[in-house]
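So you can see what is in the structure, the chains are spelled out below.
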Amino acid sequence: MTGVEEIERLPTGVPGLDLILRGGFPRGGIHILQGPPGTGKTTLANQICYRHARAGQRALYVTLLAESHSRMLVHLGTMRFFDPARLPEQISYVSGIGALAADGLPGLITLLRREIAAHQAAIMILDGLVAAEDSARSDTEFKTFIQELQAQAGLHGCTVFLLTTARGEAVPPEHTMVDGIIELTDVRYESRTERGLFVKKLRGSDYLAGRHAFHISEEGLVVFPRIEAAFRITTRPDQVQNGRLSSGVEGLDAMLGGGLMEASVSGVIGGTGIGKTTLGLHFISQSSAAEPGLFLGFYETPLRLMQQAARLGLDLQGVVDRGHAEIRWQPQGENHQDELAHQLLEAVSSRGVKRLFIDGLGGFMESSVEPSRMSRFLSVLTNELRVRGITTLYTLETRDVIGSGLEMPVGGISSLAEGIIALRFVERHSSARRLLSIVKMRGTNFDPALREFVIVEGKGISFTRSFEGAEELLAGFAREQTARPPSPAAEGR
Amino acid sequence: MATILVVDDEPLIAMALEAALEDAGHRVTTAANGRQALEKMAGTAPPDLVLLDMMMPVMNGPAMLAAMTADPRLRATPVIVVSSLTEAKIRTLTTGFVATLQKPYTVHEVLGLVEQVLGKVAEADNLG
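Chains as they are written, first to last, in the numbering used here: chain A, 1 to 493; chain B, 1001 to 1128.
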């Protein structure tokens, strides 16, 4: 039996891109990087060159553009990957404009052949393919140019990248001939824009299809593989976990049948000001060396959360000081949902997090330019968190504060979680009272009773009594129980 | 008025330099690489000054400077290296130039340096 041969890869070193390309571009091939001006083609190409120069290889950058090399280098000077010490021995910038103008495509191919050989280039960039295409007298001549380039690249073991703007043609002739095509876009979504990367073709190789968001910073391009594609299959198999983690709220663990199930995902839903974040502070304050915690918040700064925890009598500061918990604040703004998710997965992996509190899912929703993705996105993300053995509690704000509805902001959210804890205000004796109920806790003999709770300085969440009558509760007029029966879950303990 | 040879593979850079130097009253020729420049200087009087890029196809700046140094007829021709590389880096690659000018530059900077180098050459000639 013959085994399947692996294609030799040229890693790009661009964060996220090699995951999308399953290891990098096939080495020795010709690849097109295309996109409108300003989408990052030149930055990407240079980033690849400098990455390989650092590894001791040589790259040749040939331009057919009006932009001078010196201007390009000035712009690259703002990037961390740029290293002028590599010039000109390892990375050389030459112009092909003269050769193209004087002798057309045959002159250009001669120049490229000689320069690849002279520089012993492992990578060659041809920036401005459109100029070569424009100078071709026919499609056939242009195809011949690409074929000759392909032959030269193969002969010298050189991987070639052709940079070009997309012209809107159905299928440009060169697209059928090259080994890979990457398209960069910068698309407007209402008042914001988001950069996107597509792999349109990668001969002989699997890749993550579809659009992947990226940004350009002083690090160069950073690509965020679309979560649904990158973690469609989880990174490790799921394992049955029988452990329980304390919620940190006295009485709630009993209602939960012994605490939150290890490696599960539960939602805390309720209106604004009901105490969702407070519940999270309890949960994260239970972090320990054995159960490191992470509080990912979108709304309140770490300082304010620390102050709030201190007022509630929770030693969050001590837990953080001991390195058992981390508070990450991600201010709302123009975040990218995939970036947030990758940062989250990196943060939980780097510290072996077991307790995760996300305050709240609204932060991911607000960051999305494609709300229709949200249900699938969260489903894949939470699956990945589960297989990593993380017990996740997230908040989700409902629109109603007091009323009969319990409307989820996004469809399909409740099915993502093993458990749902609902927090509600009810009106009684002309004052708003807080109620907690466990709506579901999959696979657990939980206590479905409605419990009133208060948030007390120096103590935090504290249960007072049970209520009966779901209709009254949902109408906002719950009635106190005269005698409180023991809960089934609490009975056994 | 001096005769100046501009050697740069980027046509727009070469053209811009040519125009600026001609406006300043100099006679200018251009070449797209070192080999073309050596061919242009063969059989004619060497220029008064060469403005030389470093990274070029066919024959780069250091190779051309080495060829000029080896040629007794061209050895004395002053060369200003015009490059994106720093002067320190240029000194690790080649010798035989009289000054460097880092890209990108302004017309004022290039004309100032050209006049300065030509002035020194004239002064040396007078002393000699």
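A hint or two may mislead.
Unchecked claim - Quick partial rundown of chain B residues pointing at chain A, CB under 8 Å, derived from the structure: (1) Leu1012; (2) Met1015; (3) Val1028; (4) Thr1029; (5) Ala1032; (6) Met1054; (7) Met1056; (8) Lys1103; (9) Pro1104.
Simulated from the structure, these hints should not be mistaken for laboratory data.
All C-beta atoms, glycine included, are put in the ideal place defined by N, C-alpha and C.
Index of numbered hints that the structure contradicts, given in increasing order: 2, 3, 4
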